[in-house]
Amino acid sequence: MKIGVFVCHCGSNIEATVDTAAVAAASREFPDVVFATDTMYTCSEPGQDEIVAAIKEHNLGGVVVASCTPRMHEQTFRRTVERAGLNRYLFEMANIREHVSWIGKDRESNTNKSVDLVRMATEKLMRNRPLYSKKFDINKRVLVIGGGVAGIQAALDCADGGLEVVMVEKAPTIGGKMAKLDKTFPTVDCSSCILGPRMVDVAQHPNITLYAYSEIEEINGYVGNFEIKVKKKATYVDWDSCTGCGICMEKCPSKKATDTFNEGIGKTTAINIPFPQAIPKKAKIDPDFCTKIQKGKCGVCAKLCPSGCINYEMQDEFVTEKVGAIVTATGFDLFDWSIYGEYGAGRYPDVITSLQYERMLSASGPTGGHIKRPSDGKEPKNVVFIQCVGSRDKSVGRPYCSGFCCMYTAKQAILTKDHLPDSQSYVFYMDIRAIGKLYDEFTRRAMEEYDTKYIRGRVSMIYPQGDRLLVRGADTLMGAQVEVDADLVVLAVGAEAAAGAGELAEKLRISYDSYGFYMEGHPKLKPVETNTAGVYLAGACQGPKDIPSSVGQGSAAAAKVLGLFSKDQLESDPQVSVVDIKRCIGCGKCIQTCPFGAIKEMEFRGMAKADVIETICQGCGICTSTCPQGAVQLQHFTDNQILSEVNALCRF
Amino acid sequence: MNKPLNYAYYPGCSSTGTSLEYDMSSRAVCAALDINLTDVPDWSCCGSTPAHTVDHSLSSALSARNLDQVASMGLDSCVSPCPSCLANLKTAKHRMEDAGFRDKVNNLLDKPADTRVETKSVLQILVEDYGIENIRKKVVKPLTGLVVGAYYGCILNRPAELMQFDDLEHPMAMDNIMEALGATVVPFPLKVECCGASFGIPRKDVVMRLSGKLLDTAHGIGAMALVTACPLCQMNLDMRQNQINKANGSKHTMPIFYFTQLMGLALGLPEKELGIGKLCVSPRNVLDAIDANLKEKAA
Ligand SMILES: Cc1cc2nc3c(=O)[nH]c(=O)nc-3n(C[C@H](O)[C@H](O)[C@H](O)COP(=O)(O)OP(=O)(O)OC[C@H]3O[C@@H](n4cnc5c(N)ncnc54)[C@H](O)[C@@H]3O)c2cc1C
Ligand code: SF4
Ligand code: SF4
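Protein sequences, first through last, are from chains A and B. Just remember that the working numbering sits 297 ahead of the position in the first sequence, which is counted from 1. Just remember that the working numbering sits 1301 ahead of the position in the second sequence, which is counted from 1.
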């Protein structure tokens, strides 16, 4: 094989600490290498053209590019060699940026290491074979997990684009956090007025199937052909016939159930509809509080329900859905602030969270939009807001900024003044992060027009004094201690990954950061993709995000799905395992170890043999190291190819 | 109790003077509960605040010597009633883990100190080793009707990494003991605030302000008395209560007990053994009220 080697400067990224010309010169001495050069930016148009020209001029049979990580540009260069008429697998990449120039300072050692890496790549390339993808049909349905504003946007865009959408929402209603908000910054428009109609659209769209109060049990398959097992949790109410009339809720005698939708402000009945605008507007029983289910006594709702929907024996149900792509939009949850002893750790009823305050401000909330102290129902005069509770605080393992708390605190201060003109709001802040369009103007309004007192500093202690709370903190601009008598304290609790985010990631086979937020394919260039083909991200599940950004990502993820489905067939990855049936002794060890169930047993002339199902194999290679006969070989990474690389490295 | 509890006892200097009643009541209570305290032989000052403000190795040398004395007794843990001594003893042990520092300190001593023994407060062993439920069983004269707030002060459990005891912001050890003794415990919101500590000498106004606030707050929540576990806190609140009243124009007459004194009373020990008479603000009214309540209940 005639091989050409291209050593990239990557501007100064590589050249600064690697002598690329020397690497090219050394490569020329390797067996089979007939051409080697160094170039400024191999990935640029002139860089790629140089490769094409060299292939033609020197009649090259394969190409090595020594540059960045294959995750960056392997696809780019594979296409380049293809343009020149070579099979895309007659190409190898040596990573001399991430693995060499960025991590070592010594130019001489770096150069030597780069030469070694190029030598490995050429040795492997000599043993590469052309591989060809197969085409397979795809199922043009999409699954959206999570029905917050991001998921809703993705679902509606996909559905409007003509795709069939399956939405799975864990809670009994869609809407996510936004459905709980009163107004939204920076326009102070009513949250339910803008979200409500979109929720109704989801319910009514002919292309959308909604599974509320459901969770993902299992995900199998691969891009284009996923099989999803959905668990519909028992609601004890037949949703096909429930009309949402609410009669059951009026008469249920068990009135102490946790009101999750209202964030625990007030209680609800054991059988309940989360809120009047819920989608779907269906009742469900909270079994922990239902006296019929717990003690066998009551049964009032079954007697009263005009549609006869109640079924105390209902069990979880499982359904299977087939889709070709998945949008994950599972959002975030709030940091559990009770770890903060200095804020009372939950002992003082008049210290509440920002989301509880939203419910209190909301006209459809448990207090009918009246701001009342939970302790005695009185209207507060002084309201103190504390920002960054569980954000930017290493001591509680949350060093990151939650992004939207500065803004919603300003909003809540403005709304407080609107509701209670005689009130005075104080905000303890660390910095004000108002970087969006019209955002800084908004926080200024809170200070200047609504007379909110902003105090730069942290609160060291909250304690009761009489029936008020004394909030003590530092004013770091004044260099003084401040004490504020508060009637109500609102904590701007930070965002953290949604409960169960990790488990879902395992099922989706996508990665997440150390805080549980899902990792995008590339922090700049692939904001809604993941490293698993066919799985996309939208909204706060990828990191704290406000509504405009969440919606933007919802649409972006939908565009990606529509783009994926613009073809009728996808090409399979030929880098899969293949069984050499002459060597296979049918021991079945690979069948047991394959984590994807991609190997099955077949019969060949009366003998048991292993057989890989190409479309299911993910190319992980576990079977190849399991097989005692070396009969399973992963294409493009055969034992011979890997050993030749090792030999190239261990020459002495 | 299945296992006998044996500790080396390090009284600390204030036990021989300003907090004699803390020392007396700690010993009396432990004796009544069959907890054996053996005095550290030839103990000396832990260094207190002055030593470490001048030189850390000097401070640690003083404490290390005492730890070494404990080790020579063949006991592996030592208790002290005073949180300030405790902090010094624990700090010395911690600092001595660093080889360089250890050499420096050992140079100051006659022989290298063995500082491996653990130190705990009297409060900590009563709660963790003896147990609240066992204390409850020993109560013969419940403190019925006593409305009390528990004041821990700022160093009893801080820094958390070093002290390793109870909640940093919201300790409950004394609250739980008082509740077990039959008292009505009102949650004292300033339980870990500073009383002004030794600022009483150079800047009395600081103590007047800080301790004044503690008394005002205790009064505000309806406490008849406060319990403490720290000689300095107790002194500021009790001995200086008159000065505070003068400085702030307040009229407090709030008894400030050591928690061991109230424990002793509930265990039926005579007031004399507990040094009740040594308190500056007379607890007579409060104690009489408890007795009256008890009689009423009995009748
Ligand atoms: C107090 C407060 C006030 C705010 N005010 C504003 C504002 O005024 N303006 C603004 O722009 N932003 C505001 N925000 C931010 C806003 O809430 C978020 O931007 C928005 O909710 C993000 O939407 P999302 O769909 O990504 O996530 P979410 O709203 O969290 O929705 C996620 C959905 O996924 C579901 N889900 C989670 N896990 C699973 C699972 N495993 N399976 C199935 N379903 C699952 C959840 O039940 C939920 O319905 C505020 C936030 C808070 C806390
Ligand atoms: S049966 Fe259960 S849910 Fe129905 S009314 Fe009675 S308590 Fe409520
Ligand atoms: S490489 Fe082997 S173990 Fe891995 S998915 Fe393919 S068949 Fe299964």
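No lab work stands behind these hints: they were computed from the structure. Note that the structure is predicted; figures quoted are calculated from it, not measured. Watch out, some of these pointers could steer you wrong.
DEER-style ranges, computed between Cβ atoms [to be verified]:
1) B/Ile1522 <-> A/Ser635: 17 to 27 Å
2) A/Lys553 <-> B/Ala1590: 35 to 45 Å
3) A/Ser635 <-> B/Ser1583: 58 to 68 Å
Here a beta-carbon is modelled for each residue, glycine too, at the ideal position from N, C-alpha and C.
Hints versus structure:
1. Checked against the hint of 17 to 27 Å, the pair B/Ile1522 and A/Ser635 passes, with Cβ atoms roughly 23 Å apart.
2. Distance hint check for A/Lys553 and B/Ala1590: the Cβ-Cβ separation is about 39 Å, which falls inside the suggested range of 35 to 45 Å.
3. For A/Ser635 and B/Ser1583, the Cβ-Cβ distance of about 41 Å falls outside the hinted range of 58 to 68 Å, so the restraint is violated.
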